[in-house]
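Quick note on numbering: the sequence shown equals residues -19 to -1, 1 to 493 in mature numbering (1 follows the signal peptide of the UniProt record, and there is no 0).
Be aware that a few hints might be false.
To be verified - Derived pair list, reagent style DSS-like, types lysine-lysine, alpha-carbon separation capped at 25 Å: (1) Lys309 to Lys181; (2) Lys130 to Lys62; (3) Lys493 to Lys47; (4) Lys41 to Lys86; (5) Lys493 to Lys143; (6) Lys472 to Lys489; (7) Lys130 to Lys489; (8) Lys139 to Lys472; (9) Lys31 to Lys181.
What the hints assert, rightly or not - The following label-pair restraints were derived from C-beta to C-beta distances: (10) Thr80 to Asn350: 55 to 61 Å; (11) Asn125 to Ser424: 40 to 46 Å; (12) Lys493 to Gly324: 31 to 37 Å; (13) Asn430 to Arg465: 16 to 22 Å.
Keep in mind that the hints were calculated from the coordinates and are not lab data. All C-beta atoms, glycine included, are put in the ideal place defined by N, C-alpha and C.
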Amino acid sequence: MKKSLFITVLASILANAQAPSGYYNSANGLLGASLKTALSTIITNGHQDKGYNGLWTAYKTTDIDKNYENDGSILDIYSEKPSGTDPYKYTPGSNQCGTYSVEGKCYNREHIVPQSLFNESSPMVSDVHFIRATDGKVNGMRSNYPFGKVGTATFTSKNGSKLGNSVSSGYAGTVFEPIDEFKGDVARMIFYFVTRYQSKLSSFSSGNMLGNSTFPGLQTWELNVLLAWHNQDPVSQAEINRNNASYTFQGNRNPFIDNPNYVNLIWGSGSTGGGGTTNPPTTTGCANETFETIPTTSSASYLTRTWSNGGISWTATDARTDQTISTKAITIRDGALTSGSSGNGIGSLTVTTQLKFTGSNGTFTVKVNGTAVGTVPYSTNLTTTTINNINISGNVAITLENNSSSNRVAIDNLSWTCYSGTWRSIQGIQAEKDLSQNQLQISPNPIVNNEIFVKGETQNITKAEIYNLQGKMMQSFEQPFKNRRNSIRIKNLPTGVYLLKTDQSVLKFIVK
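Given these sequences and hints, build the entire structure.
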C-alpha cells in the first residue's frame, strides 16, 4: 500500500494532534537558532535512555509495518517496496543480527547519524528517534557515509537504495541515497539529531555531514540535500505512528514530524523573516570550502597559499596552515582569503572562525566582487556566522579581509548558497498582490497523467510558468486556461516538487 502524500500544512495539523497539549508552547513565536534551541530543551526534557539493547524492545512497537503490507513485520526503509512486494520480511524479535553476507538474513540497528561520530556514547547510541531497524547487509554497505544524491551506484539494495559517488552540490565523496519514499523520513531524523544534541556537536566528528556548532548544526551541502528531501517527501502516517510509539517508549518526540514547518522556520526562508510559509528554501548550495586541499608545506610560516577545490580557486595571503578547527583550516594574519570567480551568484554566506594564540576579538570584512556586504566576528571561541540576504546574481568572487594586522584567525567550513534572483521575483509577486494559495487550488495533488487541474477563478490568467525547487523555469504557458479550460497539460516532469506561478499566485504541486 502506497502512503499518501500530504501537503505540509495538512501533515502539520495531523501530526500535531498527536503531541500532548502545550508540549511545544515554549517554542511559540521563535525563529532560526532561537527556535532550534527551544526545541532542543523541549525534547531533552523527558528523554529516558533505555540503553542500546532496549532498541530491540522498542522496535516491536516503533518499527512495525502498519502502513504498507500491514502484516506486523519490521518496516525497513532499506527494503520496503511501497508499491510492490517486499523482497523479504523480518519477524520482530526473531530475525535480529546475527551474521550476514547478503540481504534478507537479519535486521539490526542502523544509526542514521553514524555512532562513530559520537564515539558510541550515551544517550545518542540508543536514541530510537534516529536509529532504525534495517537489513544488516544494507546497513553495512551504508557504513558511515553521509546521505546525498548518488550519481553512479556501486551498490543498490533490493528496494533501490543506492551507494555511490555524490552529485549533490558542494560534496564529491561517497554518499548513500534512500528511495524517494523515505527521503523525508531520513531528513527529519537528522534534523532531530542536530537539534536534540546541538550542545554536543562541537565534540562530535563531522562525518562530512554534521556542523561543529549549534546552528545550523549541519554542513551546508548536507543541509541543502535534507531541506530538499523534507519538502519532496512530506510527513507520512508511518512516521506519525513511529513518533507516537517512540514517545511512549522513550519519553520525547521528534518535533519535525509533529510540526514539519519547524524545518522552514529554523533553516529555510521562514527563518529570516516572518515565518509561517511552507514554501521550500529559496537557494541551494553553491560552494563548500573545507580547506582539506590546502598546501601544508612550511605550515607554520606566513605565506601566500593557493589551491583549488570543487572548481573554485582560492588565495590566502599572510596565511599559515598548521592550525585547526574541525580538521584543516586556513589561518590569516595581516591578509585576506579570496576566491576565484564562481558562477550562480551568492544568497547567504556561512563561515566558522576562531582566534588563535594571543590577540583580541575582531572582525573580517566580507566583500563580494570588491563591495563590502557584511562582517564576520571572531574570538577565542568557535564562532559560526551566517550573513543572509546578500543576493547577488551572476559571477561572484568572495573575499574575507582581516581588520587586524596582528590577530591570527583560523577560518573553516566556508560556504555560500547560490542566487539567481528568480525566487525573489516569485515571492515578490505573491507578496505584492497579497494573495494566498486558498484563492486557487491544485487538485488532485500529486497530479496525475501530466495534467494540473486548478480550482478557482482562472479565466483571466494570461500566463503560467512551472519552476523546480532550484528556481529554474521548466515550462511556460500563454493563456493556459482559455476556452474555459480548468487544467494545464504539461510535458513529462521528473518525480519531485514544483511550483506553478500564475499572474495571481504561486502554488506548490507534486509529481509522483
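*Can you give the numbers of the hints that this structure goes against, from lowest to highest?*
Going through the list in order, the structure violates hint 8 alone and respects the others.
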